[in-house]
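A.B. asks: Taken in sequence, the protein lines are chains A and B. At position 63 of the first sequence the residue is numbered 63 (UniProt numbering), and the sequence of numbers has no breaks. At position 61 of the second sequence the residue is numbered 61 (UniProt numbering), and the sequence of numbers has no breaks.
Honestly, the hints are just simulated from the structure, not real lab data. Nothing here was measured: the structure is a model prediction, and the numbers come from that model. Treat the hints with care, as some may be off.
Unchecked claim - In the SDA-like style, the derived pairs of lysine to any residue whose C-alpha atoms are separated by at most 25 Å in a straight line are:
| hint | chain 1 | residue 1 | chain 2 | residue 2 |
| --- | --- | --- | --- | --- |
| 1 | B | K406 | A | R8 |
| 2 | A | K273 | B | V493 |
| 3 | B | K409 | A | R8 |
| 4 | B | K406 | A | P10 |
| 5 | A | K409 | B | L4 |
| 6 | A | K406 | A | R65 |
| 7 | A | K406 | B | P7 |
| 8 | A | K409 | B | D14 |
| 9 | A | K406 | B | V99 |
| 10 | A | K273 | B | P347 |
| 11 | A | K490 | A | E265 |
| 12 | B | K273 | A | T220 |
| 13 | B | K523 | B | V493 |
| 14 | B | K273 | A | T346 |
| 15 | A | K409 | B | R8 |
| 16 | B | K406 | A | Y13 |
| 17 | A | K273 | B | T220 |
| 18 | B | K406 | A | L5 |
| 19 | B | K409 | A | L5 |
| 20 | A | K409 | B | P10 |
| 21 | A | K406 | B | T9 |
| 22 | A | K521 | A | E497 |
| 23 | B | K273 | A | P347 |
| 24 | A | K409 | B | T9 |
| 25 | B | K409 | A | Y13 |
| 26 | A | K406 | B | P347 |
| 27 | A | K409 | B | P7 |
| 28 | A | K291 | A | V493 |
| 29 | B | K409 | A | P10 |
| 30 | A | K406 | B | R8 |
Unchecked claim - Reference listing, derived: stretches of chain B covered by chain A, where coverage requires no fewer than 3 residues with Cβ under 8 Å from a Cβ of chain A:
| hint | region |
| --- | --- |
| 31 | 5 to 11 |
| 32 | 39 to 46 |
| 33 | 78 to 87 |
| 34 | 316 to 330 |
No residue lacks a Cβ here, since even glycine has one placed at the ideal position from N, Cα and C.
2 protein chains.
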Amino acid sequence: MSDLLIPRTPSAYDYPLLIKNMLLYPVVDNPNQEIVYRDLYRGNYRQLRERVARAASMLTSLGVRPGQTVAVMDWDSHRYLELFFAVPMIGAVLHTINVRLSPEQILYTIDHAEDDVLLVNAEFLPILEQIRGRIDNVRTYILISDEEAKDDDTVPFAGEYEELLAKAAPVFDFPDLDENTRATTFYTTGTTGMPKGVYFSHRQLVLHTMALMTTLGTATAHGCLHRDDVYMPITPMFHVHAWGVPYIATMMGLKQVYPGRYLPETLLELKEKEGATFSHCVPTILHMMLKHPHAARMDLSGWKLIIGGAALSRNLCVEALKAGMDVFTGYGMSETCPILTISQLTPEMLELSHAEQADIRCKTGLTLPLVDLRVVDAELNELPRDGVSAGNVVVRSPWLTQGYLKDHKASERLWVGGYLHTGDVAVRDELGYLRITDRSKDVIKVAGEWVSSLELEDIIAHHPAVAEVAVIGKADEKWGERPLALVVPKPSVKITEKDISHHVRQYADKGVVSKQVVLVKVKFVDAIDKTSVGKINKVALRVKYLG
Amino acid sequence: MSDLLIPRTPSAYDYPLLIKNMLLYPVVDNPNQEIVYRDLYRGNYRQLRERVARAASMLTSLGVRPGQTVAVMDWDSHRYLELFFAVPMIGAVLHTINVRLSPEQILYTIDHAEDDVLLVNAEFLPILEQIRGRIDNVRTYILISDEEAKDDDTVPFAGEYEELLAKAAPVFDFPDLDENTRATTFYTTGTTGMPKGVYFSHRQLVLHTMALMTTLGTATAHGCLHRDDVYMPITPMFHVHAWGVPYIATMMGLKQVYPGRYLPETLLELKEKEGATFSHCVPTILHMMLKHPHAARMDLSGWKLIIGGAALSRNLCVEALKAGMDVFTGYGMSETCPILTISQLTPEMLELSHAEQADIRCKTGLTLPLVDLRVVDAELNELPRDGVSAGNVVVRSPWLTQGYLKDHKASERLWVGGYLHTGDVAVRDELGYLRITDRSKDVIKVAGEWVSSLELEDIIAHHPAVAEVAVIGKADEKWGERPLALVVPKPSVKITEKDISHHVRQYADKGVVSKQVVLVKVKFVDAIDKTSVGKINKVALRVKYLG
Chain A
1 MSDLLIPRTP SAYDYPLLIK NMLLYPVVDN PNQEIVYRDL YRGNYRQLRE
51 RVARAASMLT SLGVRPGQTV AVMDWDSHRY LELFFAVPMI GAVLHTINVR
101 LSPEQILYTI DHAEDDVLLV NAEFLPILEQ IRGRIDNVRT YILISDEEAK
151 DDDTVPFAGE YEELLAKAAP VFDFPDLDEN TRATTFYTTG TTGMPKGVYF
201 SHRQLVLHTM ALMTTLGTAT AHGCLHRDDV YMPITPMFHV HAWGVPYIAT
251 MMGLKQVYPG RYLPETLLEL KEKEGATFSH CVPTILHMML KHPHAARMDL
301 SGWKLIIGGA ALSRNLCVEA LKAGMDVFTG YGMSETCPIL TISQLTPEML
351 ELSHAEQADI RCKTGLTLPL VDLRVVDAEL NELPRDGVSA GNVVVRSPWL
401 TQGYLKDHKA SERLWVGGYL HTGDVAVRDE LGYLRITDRS KDVIKVAGEW
451 VSSLELEDII AHHPAVAEVA VIGKADEKWG ERPLALVVPK PSVKITEKDI
501 SHHVRQYADK GVVSKQVVLV KVKFVDAIDK TSVGKINKVA LRVKYLG
Chain B
1 MSDLLIPRTP SAYDYPLLIK NMLLYPVVDN PNQEIVYRDL YRGNYRQLRE
51 RVARAASMLT SLGVRPGQTV AVMDWDSHRY LELFFAVPMI GAVLHTINVR
101 LSPEQILYTI DHAEDDVLLV NAEFLPILEQ IRGRIDNVRT YILISDEEAK
151 DDDTVPFAGE YEELLAKAAP VFDFPDLDEN TRATTFYTTG TTGMPKGVYF
201 SHRQLVLHTM ALMTTLGTAT AHGCLHRDDV YMPITPMFHV HAWGVPYIAT
251 MMGLKQVYPG RYLPETLLEL KEKEGATFSH CVPTILHMML KHPHAARMDL
301 SGWKLIIGGA ALSRNLCVEA LKAGMDVFTG YGMSETCPIL TISQLTPEML
351 ELSHAEQADI RCKTGLTLPL VDLRVVDAEL NELPRDGVSA GNVVVRSPWL
401 TQGYLKDHKA SERLWVGGYL HTGDVAVRDE LGYLRITDRS KDVIKVAGEW
451 VSSLELEDII AHHPAVAEVA VIGKADEKWG ERPLALVVPK PSVKITEKDI
501 SHHVRQYADK GVVSKQVVLV KVKFVDAIDK TSVGKINKVA LRVKYLG
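Isolated chain A (complex conformation):
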């Protein structure tokens, strides 16, 4: 085999794909391009370079060595961006801690990831104080503070980030690394069991960046990211690298705006003041922004938003389109770096009405280049691309976690048969557009037929009196399982189980959904349990309402 490979003369440089090389693009050396953090920091790209070098010097002088893990608890900030580069570039692993987990879960991930250093925003000191006595592995704590550095007797901080940076050397000779060196790690907020650690290499992050950049770049008018855009993340940087877009924005030399904690008012103010044109968020935040009083008097047109993390409903999509926003779905998960598909529209599709466009924009979309995504049966045979054959979504691409950290069994389950199993069920149409119909473990089997809880949720959500809904499967002697709809009614509206049943039956009668749905039972509730990232927590709901 080896004589088939390209010969390399001894002096030739065999170029590895490293995060440091993403900074080689000349636009990354632009002193006039801004990086903004709320109203607290306004720097440029030359400063970014220098601050990345200073952060590397700081960490090294605190004893951080290749292979060690540096953990961060912060909201979205210029500091986080600097650490996205500096930590992997010295050969260490960046652990982006999900600050929305419970203190016990955070403790678990700090311990499991074997963090050596922890940078923590002062805002999270109350959490840290609850668990610090039980943290064994962290050697060094660094305080992050937006205000004057605090005195905190309970944690022996090596110093405050800005102060340490000011003292650190402004240049750093970043080493060459094996491109398969681990660069980042973080924990999935699965709905079952303890969080699981995923991890990504330098090569994987470079390739994810390049592929997403080509997908967004080559689009002409909609769903595009070009060099005149202004970027503001609205998916946390601790959550799957903020979908990888901070790396792209940096490589493109875009103006970047970091909003700290996500408060709808702050987000809208920053959008207006700094001219953000490209963001990404979960439907909940989009909903909150659209409902905020500021939104009504603002010009939101041309704001491009990738929506992901949960299904975008047609209603919300149409509402956003009416406001002039360019919303479109992205699909992926913690295990996949994350982006696998984007629902960009063709020029012909852009001629359609908002409602018709929403049908496409709410689909999961087309795969990125190099993504080998298949909808398969139980034997991994690909199903027809006919828009109706539903199957499990499995995938190969250059940027998938190669296992779960220190969990051989779950790793093998994830990769059984050589494909990563997303756990999602989907159909694919002739043009290749994917539409997720369910989580495989969420499917409800009624009278021997699959009923999609997502589809049923979508139907019930269309009822004008329904604020929120979740559907789970309830064991039934006669039918095997029956769907149980947990419904939060809108305030001061009257609604009965009969209204819902009648509403659902109309869809079944029209044949747009299998007739098993009429077996739905309804329970009115005050609220629906969510996971730390805002997804419906079906596990908790099952315990609560079926247990």
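Chain A is already provided as a structure; the job is to place chain B on it using the hints.
C.D. replies: This is chain B only, laid out in the frame that chain A set:
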């Protein structure tokens, strides 16, 4: 070290960067998108997929095995595009023969590359007939013909391409390969010695494609390639993969138009008829197209052209801009896959006059992502980015030939010190724009000072009576070397050596160029010798006028 790398669970798929994976993008499965060859073929992307599979079946059934070499002699065609994919995808090596070389040189490259199969367009049979008796290694000949298949007794063809394709199986299970498998090879048309073979792996071609796609994609209004563009190559496919753009165009699902042999009239007709909006060519072809009578009555506006292979002159650039074309320079060479830099302009620069823009568009431009290009002194120290410090251009990127085929000495010279030496001399400005000032071997040393022959050629070309000019160094007892300008005057114009000297002196007097240039001697000639790719052949000129 290995514990720093990402762990891989046994079942995980370690995704290689392979040419076959560039076809995974769903837009590559579009039955409505066209691939056109002159007025002789009009197919779509589904047919491309099938024809690639058929070509693979055909080659395999003719006995082609991984590691063997398949050579092609054809003009730009849909067939060549199919072979760009099919040959590497079966693990074989695609040798793109430069049909502009002399028959003896072609024989040398067929022999040196150890070609096993040769596909040859009927147009080149006269060349083949001259050398076939001396070809030892080729086992199988395949005829390519735009007309009815010919009977040719002198070459024992296995068949004609279309006929063999029709008989071959329409599906092929393309194997996974090591990403460092050799995919392509071809020969540099250097001006010294015999042609040298360069070679590129699957990984290198995928990464070159992705990087060029991000550079062209993320541009907003000028110098961009988006999904609504129509591509027509005007740099031969045998010349450094037509700059890699056929791979990009395919991955983007663009309409593609292949023009066969480059005749200005055909090119302009195809541009108009098929709506081409993106091309690339050498200055000579741009010049020929602009001067063609068709051009005057055509709308050339919005036609994006990367110009490379030779320096774009300011005059030609301004002329193209006036015609509404978006011309900009690309830089690279056979050894570099080829693209290293592109001279895209910022929105502010696009506000400048044509003449001012031309200054930037004729520069060599900014590097692509992941390209580590340096202007260095003899000790490989980087020179200041001040727009005046001239030095050697050395480079690292993920897509550089790792040596010359079977030439250890030249390979080590190319890569001395771990950087690929381009042999070019350049300056770089504060924004990172590179400007090639000379070939290092072309510099003329006058009275101890370097004189750039390119600069002097540029000055003399500005004289209204000069049609073409080449400058070489002539040994001189007093000055060491003096520039000798070989000048082709415009027809029916009177011009003397004194006119040229006076013209040159004006530039020296203004201080825009070192005063040594006034020592230029002038010789009026009828034509200037060119290499097979249209560059000035300084070696031949030196032999002719100094020998």
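A.B. asks: None of the hints should be skipped; say for each whether it holds.
C.D. replies: Hints versus structure:
no.: 1; hint: B:K406 to A:R8; verdict: holds (11 Å)
no.: 2; hint: A:K273 to B:V493; verdict: violated (62 Å)
no.: 3; hint: B:K409 to A:R8; verdict: holds (13 Å)
no.: 4; hint: B:K406 to A:P10; verdict: holds (13 Å)
no.: 5; hint: A:K409 to B:L4; verdict: holds (21 Å)
no.: 6; hint: A:K406 to A:R65; verdict: holds (21 Å)
no.: 7; hint: A:K406 to B:P7; verdict: holds (9 Å)
no.: 8; hint: A:K409 to B:D14; verdict: holds (18 Å)
no.: 9; hint: A:K406 to B:V99; verdict: violated (57 Å)
no.: 10; hint: A:K273 to B:P347; verdict: holds (21 Å)
no.: 11; hint: A:K490 to A:E265; verdict: holds (24 Å)
no.: 12; hint: B:K273 to A:T220; verdict: holds (23 Å)
no.: 13; hint: B:K523 to B:V493; verdict: holds (16 Å)
no.: 14; hint: B:K273 to A:T346; verdict: holds (23 Å)
no.: 15; hint: A:K409 to B:R8; verdict: holds (13 Å)
no.: 16; hint: B:K406 to A:Y13; verdict: holds (18 Å)
no.: 17; hint: A:K273 to B:T220; verdict: holds (23 Å)
no.: 18; hint: B:K406 to A:L5; verdict: holds (14 Å)
no.: 19; hint: B:K409 to A:L5; verdict: holds (20 Å)
no.: 20; hint: A:K409 to B:P10; verdict: holds (11 Å)
no.: 21; hint: A:K406 to B:T9; verdict: holds (10 Å)
no.: 22; hint: A:K521 to A:E497; verdict: holds (8 Å)
no.: 23; hint: B:K273 to A:P347; verdict: holds (21 Å)
no.: 24; hint: A:K409 to B:T9; verdict: holds (9 Å)
no.: 25; hint: B:K409 to A:Y13; verdict: holds (16 Å)
no.: 26; hint: A:K406 to B:P347; verdict: violated (50 Å)
no.: 27; hint: A:K409 to B:P7; verdict: holds (14 Å)
no.: 28; hint: A:K291 to A:V493; verdict: holds (19 Å)
no.: 29; hint: B:K409 to A:P10; verdict: holds (11 Å)
no.: 30; hint: A:K406 to B:R8; verdict: holds (11 Å)
no.: 31; hint: 5 to 11; verdict: holds (count 7)
no.: 32; hint: 39 to 46; verdict: violated (count 0)
no.: 33; hint: 78 to 87; verdict: violated (count 0)
no.: 34; hint: 316 to 330; verdict: violated (count 0)
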